[in-house]
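Asks: Protein chains in written order, with my numbering: chain E, 1 to 75; chain B, 1 to 343.
It is possible that some hints are incorrect.
Said to hold, decoys possible - Below 25 Å or equal to it, Euclidean Cα-Cα: the simulated PhoX-like pairs (lysine-lysine) are:
#1 E/Lys23 / B/Lys267
#2 B/Lys139 / E/Lys52
#3 B/Lys179 / E/Lys52
#4 E/Lys23 / B/Lys268
#5 B/Lys246 / B/Lys179
#6 B/Lys233 / E/Lys8
#7 B/Lys268 / E/Lys8
#8 B/Lys203 / B/Lys139
#9 B/Lys270 / E/Lys8
#10 B/Lys179 / E/Lys75
#11 E/Lys52 / B/Lys2
Don't read these hints as lab results, they were simulated from the structure.
Read off the chains here:
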Amino acid sequence: MTLDEFVKAFAAEFDDTPEETFKPETHYRELDEWGSLVALSIISMVDDEMDKRVTGADLRNCTTIEELYNLVESK
Amino acid sequence: MKCLIDNIDIKCIATCLPEGILEMSSLKERFGEKAVEDTVKGSGIERLHVAADHETTADLCERAANNLFEATGFDRNEIDGVVFVSQTMDYFNPATSCVLQGKLGLPEECVCFDIAYGCSGYIYGMFQAAVLISSGACKNVLVLAGDTNSKMVDKNKHSSLMVFGDAGSATLVSKGENKMGFHICSDGYNYQTVLNDRMGFRKFPENTRPDYQPDPAMSGDDVFSFIVNVGPKTIKTVIELMGWDKDDVDFFGLHQATKITVDFMRKKLKLAHPERAPFDIQNYGNTGPTTVPMVLTDYPHRAEGIDTSSWNKVVMAAYGVGLSWGSVACDLSKTLILKPINQ
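Go ahead and model the full structure; you've got the sequences and the hints to work with.
Replies: Rendered as structure tokens:
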């Protein structure tokens, strides 16, 4: 999965935040909709789409979507 | 492992909560208002039913079973199998299933055994009952699933004290006419994710000392990752196995670790009728292997307008210690579903 595809898949897990909000440099934990339910959905999306496991701690330790993408790719 | 087993009926499901109640709001002075409110917000749990010191899981299952026999009029002498699913057995030995066979007045021509599983345990109990009947060994199996989690949790940690409650259940599984689907998986590679080494012999004799510090139990993040990774897949697998469509399922009896995990399953499965997969543990908490039968019995007797005779297609799914997880698909439309004792 490319970074652009990851950003799109990441955005798709949000119900209310417009897709154009999401860029590689977006600080995702600062988004209004960010919360436990979205975090679980991201963990599940990464498992489904990339067959990799991320944890809640991983999501808390990254700031931007690109950082998270790089972390997942390194696993 | 997945399989279909024919000619099985679930005749009755009964549950029993202990009388004791712990209100989460009563813990604010001890743990702080914000910590309690944040935990309740995430868990959705407002109160727990908590067993008294002298009250065991077997006692709660016994009460549920007696209620089942009274409500159905089923002859106890027809029971030829007992499966007790719990991590809080009466004794290290003998098996609690044997103790309960005697207490319930069941016949000697009866195979009894214990299954030591937690949150996923009801799935294992139902599978074991169906296999015993399908093999021809038994005709009527009593599945007794329960836990008194409040006796195992660290009472100094609000995050666990405020989630785990106590309950027992009894389910009568008999030779019949319906098809059941099962999907069951294990991940012993990650057994440490949920671990209690205060009992057992791996840490003996250190764990018998009063000052023993157990390995840290329950890494919350790892547990959540586990649930989100396996939950939707096992639900989809059993639905596919039965040849059903997810939106035709009449009821989802999902294990309820916290409100967020149930909300997640509903979102992930994109259910056309999300109300068919309710969050239900606000009044009693995560009761381990009893959570699924508690949802199946508490919800229809609490919510308005629920007619369980329409539950032709029911999916149960649970995930927990082991790591272990699985799902069951079955017909509960003719099942007698009793109101929980002390609801």
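Asks: Now tell me if each hint is right for this structure.
Replies: Okay, the hints, checked on the actual structure:
no. : hint                : verdict
1   : E/Lys23 / B/Lys267  : holds (24 Å)
2   : B/Lys139 / E/Lys52  : violated (45 Å)
3   : B/Lys179 / E/Lys52  : violated (35 Å)
4   : E/Lys23 / B/Lys268  : holds (23 Å)
5   : B/Lys246 / B/Lys179 : holds (17 Å)
6   : B/Lys233 / E/Lys8   : holds (22 Å)
7   : B/Lys268 / E/Lys8   : holds (17 Å)
8   : B/Lys203 / B/Lys139 : violated (41 Å)
9   : B/Lys270 / E/Lys8   : holds (19 Å)
10  : B/Lys179 / E/Lys75  : violated (42 Å)
11  : E/Lys52 / B/Lys2    : holds (24 Å)
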